[in-house]
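Here's the letter readout for the chains.
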Amino acid sequence: MAPMTRYVLKRLVLLPALLFLFSVAVFAIVQAPPGDFLTTYVATLASSGSSISAEQVEALRREYGLDRPIWVQYLKWMENLAKGNLGLSLEYQRPNAELIGERLVLTMVLALLSFVFTWVVAIPAGIYSAMHPRSAIDYALTLVNYVGVATPNFMLALVLMWGAFAYLDMSVTGLFSPDFVEAPWSVARVVDLLKHVWLPAVVLGVAGTARLTRVMRANLLDELNKPYVTTARAKGLSEWRLVVRYPARLALNPLVSTIGWYLPALFSGSLIVATVMNLPNIGPLLLRALINQDMYLAGSILLIYCFLTIVGTLISDILLAWLDPRIRFEEGMR
Amino acid sequence: MTTPVLRVNDLRVHFFLDEGLVRAVDGVSFEVHPGQVVGIVGESGCGKSVTMKAILQIVEPPGRIVGGQILFQKDSGAAIDLTRLSPKGAELRAIRGAEIALIPQEPMAAFSPVHSVGEQIIEALTLHERQWRPRGPRLSRAEARSMTVDLFRSVGISMPAERIDAYSWQLSGGLRQRAMIAMALSCRPRILIADEPTTAVDVTTQAQILNLLRDLQRQHGTAIVFITHDLGVIAQMARYVVVMYLGRVMEQGAVEEIFHAPKHPYTRALLKSIPSMNVPPRTLLPTIAGSIPHPLGRPRGCPFHPRCPDAIPGVCAERVPALRPIGSTQLASCFLYNRDEASEP
Ligand SMILES: Nc1ncnc2c1ncn2[C@@H]1O[C@H](COP(=O)(O)OP(=O)(O)OP(=O)(O)O)[C@@H](O)[C@H]1O
Ligand code: SF4
Ligand SMILES: [Mg+2]
Numbered sequence: 001m002a003p004m005t006r007y008v009l010k011r012l013v014l015l016p017a018l019l020f021l022f023s024v025a026v027f028a029i030v031q032a033p034p035g036d037f038l039t040t041y042v043a044t045l046a047s048s049g050s051s052i053s054a055e056q057v058e059a060l061r062r063e064y065g066l067d068r069p070i071w072v073q074y075l076k077w078m079e080n081l082a083k084g085n086l087g088l089s090l091e092y093q094r095p096n097a098e099l100i101g102e103r104l105v106l107t108m109v110l111a112l113l114s115f116v117f118t119w120v121v122a123i124p125a126g127i128y129s130a131m132h133p134r135s136a137i138d139y140a141l142t143l144v145n146y147v148g149v150a151t152p153n154f155m156l157a158l159v160l161m162w163g164a165f166a167y168l169d170m171s172v173t174g175l176f177s178p179d180f181v182e183a184p185w186s187v188a189r190v191v192d193l194l195k196h197v198w199l200p201a202v203v204l205g206v207a208g209t210a211r212l213t214r215v216m217r218a219n220l221l222d223e224l225n226k227p228y229v230t231t232a233r234a235k236g237l238s239e240w241r242l243v244v245r246y247p248a249r250l251a252l253n254p255l256v257s258t259i260g261w262y263l264p265a266l267f268s269g270s271l272i273v274a275t276v277m278n279l280p281n282i283g284p285l286l287l288r289a290l291i292n293q294d295m296y297l298a299g300s301i302l303l304i305y306c307f308l309t310i311v312g313t314l315i316s317d318i319l320l321a322w323l324d325p326r327i328r329f330e331e332g333m334r
Numbered sequence: 001m002t003t004p005v006l007r008v009n010d011l012r013v014h015f016f017l018d019e020g021l022v023r024a025v026d027g028v029s030f031e032v033h034p035g036q037v038v039g040i041v042g043e044s045g046c047g048k049s050v051t052m053k054a055i056l057q058i059v060e061p062p063g064r065i066v067g068g069q070i071l072f073q074k075d076s077g078a079a080i081d082l083t084r085l086s087p088k089g090a091e092l093r094a095i096r097g098a099e100i101a102l103i104p105q106e107p108m109a110a111f112s113p114v115h116s117v118g119e120q121i122i123e124a125l126t127l128h129e130r131q132w133r134p135r136g137p138r139l140s141r142a143e144a145r146s147m148t149v150d151l152f153r154s155v156g157i158s159m160p161a162e163r164i165d166a167y168s169w170q171l172s173g174g175l176r177q178r179a180m181i182a183m184a185l186s187c188r189p190r191i192l193i194a195d196e197p198t199t200a201v202d203v204t205t206q207a208q209i210l211n212l213l214r215d216l217q218r219q220h221g222t223a224i225v226f227i228t229h230d231l232g233v234i235a236q237m238a239r240y241v242v243v244m245y246l247g248r249v250m251e252q253g254a255v256e257e258i259f260h261a262p263k264h265p266y267t268r269a270l271l272k273s274i275p276s277m278n279v280p281p282r283t284l285l286p287t288i289a290g291s292i293p294h295p296l297g298r299p300r301g302c303p304f305h306p307r308c309p310d311a312i313p314g315v316c317a318e319r320v321p322a323l324r325p326i327g328s329t330q331l332a333s334c335f336l337y338n339r340d341e342a343s344e345p
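Protein chains in written order, with the working numbering: chain E, 1 to 334; chain Y, 1 to 345.
Hint data in this document are derived by calculation from the structure and do not stem from the laboratory. Only a predicted model underlies this, so the values are computations on that prediction, with no experimental measurement involved. It cannot be assumed that every hint is accurate.
Unchecked claim - Not the full set, but computed from the structure, chain E residues with beta-carbon under 10 Å of chain Y:
1) K76
2) A164
3) A234
4) L237
5) D324
6) R326
Claimed, not checked - No more than 25 Å apart at the CA atoms, straight line, and that leaves these computed lysine to any residue pairs for SDA-like:
7) K263(Y) to A207(Y)
8) K226(E) to G314(Y)
9) K226(E) to Q170(Y)
10) K10(E) to W169(Y)
11) K88(Y) to D150(Y)
12) K263(Y) to L323(Y)
13) K83(E) to Q93(E)
14) K88(Y) to T309(E)
15) K226(E) to K263(Y)
16) K226(E) to L323(Y)
17) K88(Y) to M131(E)
18) K88(Y) to V244(E)
19) K83(E) to T309(E)
20) K88(Y) to R130(Y)
21) K83(E) to Q73(E)
22) K263(Y) to G314(Y)
23) K226(E) to R130(Y)
Unchecked claim - Not close to chain Y: a few residues of chain E, all C-beta gaps over 12 Å, as computed:
24) T44
25) V147
26) F176
Beta carbons: idealized from backbone N, C-alpha and C, even for Gly.
Bound-form chain E, shown alone:
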């Protein structure tokens, strides 16, 4: 078997085991607060004036196995999950799958765009800086980077929103124009989304871009001193071609291994920005679910986080192995 195939297979085998561990941990966490969620639910309903029949409560109790030992509850939850049933949100009175699904798509779109923004800007900027160290542009980029890293992104969001509102007379909150917020998906809605999504994507990407530029610059400066660069230069390659082909490629490797953290980080890190900019993504949903003890909603979101983290790590491991034969051979042979 090719080393690459072996490497990927070995990673895939680990996947279910990791998911199991995470699911237990997540379950333990959402279970931790005193009282079960049905009690909270009945109390919530009572306080809002409506009520629920004793039979309905009993049915829910049975569905989630709340009268049974804790491990049965866990198994019930798993069973429901396996069937694609993420449970019902108490607060929203809607299936969790529906609530999460819609926001998950928007979160992914946002994450992907800000990821693309980060890499498309940071990698060339880092390469330029490293190729022209101590040049005016390098100093300028360094300054911009420090500001970018040091500015909290919600602050940036506020400033941009204020700027857009005050000078361009644009309202840039949310991901849709008012007409489209509740509309079903259509081409027009996608276009509307694209019109709105770039600003939050940039806001969310700025700090990451600044950091990535610095790391790329530092990595490349290290690589540029390596003998293989001298060899490539002595061969007669032009400077750009040789930098892109050799040292930049090697400088990228350690960065590729961080791609996997990007998605979960964006999920959780974007909470304040999402709140400030009124973004319908998953961060605020999780926060509310936790506050209201909406435990199966919170549990489902956390589990999806974990899944994305694992998948993200897997993707970056595979990318890294694909880019770097040393890893491919070493790991594949073990």
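Given the coordinates of chain E, work out where chain Y with the ligands should sit on it, guided by the hints.
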């Protein structure tokens, strides 16, 4: 006498460090004739590698060529001064790898670890295609591959077809060095610069590589600039030798003359420090008195004067001796052989 393919004339390369100025190469001159092997010897840090990088204009910043000429004789007519070409320009890039090839000093890390060695050789072939084959169809991938296999075979790599797909870290030191030689020779350069090609390999491999270089040199008439610390290797390989110390040439000339009648005090000391068969075993080898000064604390006057047993008081510490002819092929920079210069005010 043939016209030299390469003439280095009073080359100066300085490093502008924050801590001060390092005059790594400070007035080096020598010539390389077509098909000749020129050996360059000198202790570690005397500027051998920097001189070679300067010839290709690939000295890394903060290093810079600050003076002198590097005259390269093109196939057609006039010699060009490489120091006048832009280091990033197309004209110089067409010379690098194609006309003057370098086997760099660090064979461990001289290949990219994430590209197969074959790929890196194919790249050189494709890059300079129009130079080693001015006419004919464009080089196809398959043809480049088979040429690389042939190159591997010609430098004595067994199973060449498999080996070209290997990564450098999968090859032994000896094989890696052979692959590097294959790459350097791929575009049939007229000058091959080999920077200590045998220091990182064992003695048997060293002998094989030296034989290989000598054979290739005879076959293709490539001029070789051969750098080493090892005077024994010079004696085997070179016709002509340049002895460097602290960025300057101390003495140069035909190998027989230098070895049998060294004139410069530094060359004499260097020759005395090699073990000889005639010395009884376990005697202490004579070493050169004192130690090499720190790169930032270069002595004034003759760079060797703090360690020189024959230093002339009031002269050697004050002024720098120029490289002057002292025999049929021999040149030395020492006031002992130039009393006129020494007695000038
Ligand atoms: N990148 C650099 N930055 C600063 N100084 C340098 C640099 N490269 C070389 N030097 C200086 O140039 C001097 C000569 O270095 P060089 O590599 O040419 O020595 P060498 O004769 O090749 O030695 P060795 O036999 O150890 O390879 C060194 O003493 C060092 O101080
Ligand atoms: S010039 Fe003076 S110090 Fe230098 S080698 Fe000759 S005698 Fe010695
Ligand atoms: Mg060297």
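Status of the hints after comparison with the structure:
The beta carbon of K76(E) is not positioned within 10 Å of any beta carbon in chain Y (closest approach about 49 Å), and the interface hint is therefore violated. Given hint, A164(E) at the interface with chain Y, is violated; its Cβ is 43 Å from that chain's nearest Cβ, farther than 10 Å. For A234(E), the shortest C-beta to C-beta distance to chain Y is roughly 4 Å, which falls under 10 Å, so the interface hint holds. Taking 10 Å as the C-beta contact cut-off toward chain Y, the hint placing L237(E) at the interface holds, the least distance being around 7 Å.
A cut of 10 Å between beta carbons decides the hint on D324(E): the least distance to chain Y is about 6 Å, and the hint holds. Here the hint on R326(E) is kept, as its CB sits about 6 Å from the closest CB of chain Y, short of 10 Å. Taking the CA atoms of K263(Y) and A207(Y), the gap is near 30 Å; set against the 25 Å cutoff, the hint is violated. For the proposed pair K226(E) and G314(Y), the alpha carbon gap of about 45 Å is over 25 Å, so the pair is violated.
About 19 Å separates the Cα atoms of K226(E) and Q170(Y), which keeps this hinted pair within 25 Å; it holds. Of the pairs offered as hints, the one joining K10(E) and W169(Y) holds, with about 24 Å between alpha carbons and a cut-off of 25 Å not exceeded. Straight-line distance between C-alpha atoms of K88(Y) and D150(Y) comes to about 31 Å, which puts the hinted pair past the 25 Å bound. As the CA atoms of K263(Y) and L323(Y) are separated by approximately 12 Å, the hinted pair is consistent with the 25 Å bound.
A distance of roughly 20 Å separates the Cα atoms of K83(E) and Q93(E); the hinted pair therefore holds under the 25 Å criterion. Using a Cα cut-off of 25 Å, the hinted pair K88(Y) and T309(E) is violated, with the two alpha carbons roughly 44 Å apart. Between K226(E) and K263(Y) the CA atoms are separated by roughly 39 Å; this puts the pair beyond 25 Å, and the hint is violated. Of the pairs offered as hints, the one joining K226(E) and L323(Y) is violated, with about 35 Å between alpha carbons and a cut-off of 25 Å exceeded.
Distance check on the hinted pair: K88(Y) and M131(E) sit about 13 Å apart at the alpha-carbon level, within 25 Å; holds. Note on K88(Y) and V244(E): the hinted pairing holds, with a Cα-Cα distance of about 15 Å set against a maximum of 25 Å. Distance restraint check for K83(E) and T309(E): the Cα-Cα separation of roughly 22 Å lies within the 25 Å cut-off, and the hinted pair is therefore satisfied. Our distance criterion of 25 Å between C-alpha atoms is met by K88(Y) and R130(Y), whose separation comes to about 19 Å.
For the given pair, K83(E) sits about 15 Å from Q73(E) by alpha-carbon distance, which is consistent with the 25 Å threshold. Restraint check for K263(Y) and G314(Y): the C-alpha separation of about 21 Å stays at or below 25 Å, so the hint holds. Only pairs whose Cα atoms come within 25 Å are accepted, and K226(E) paired with R130(Y) is rejected, the gap being roughly 29 Å. Its beta-carbon lying about 58 Å from the closest one in chain Y, T44(E) satisfies the requirement of being farther than 12 Å from that chain.
Distance to chain Y confirms V147(E) as a non-interface residue, since its nearest Cβ pair spans about 27 Å, more than 12 Å. Here F176(E) stays apart from chain Y, with its beta-carbon at least about 44 Å from theirs, past the 12 Å limit.
Checked against the numbered hints above, the structure breaks hints 1, 2, 7, 8, 11, 14, 15, 16 and 23 and satisfies the rest.
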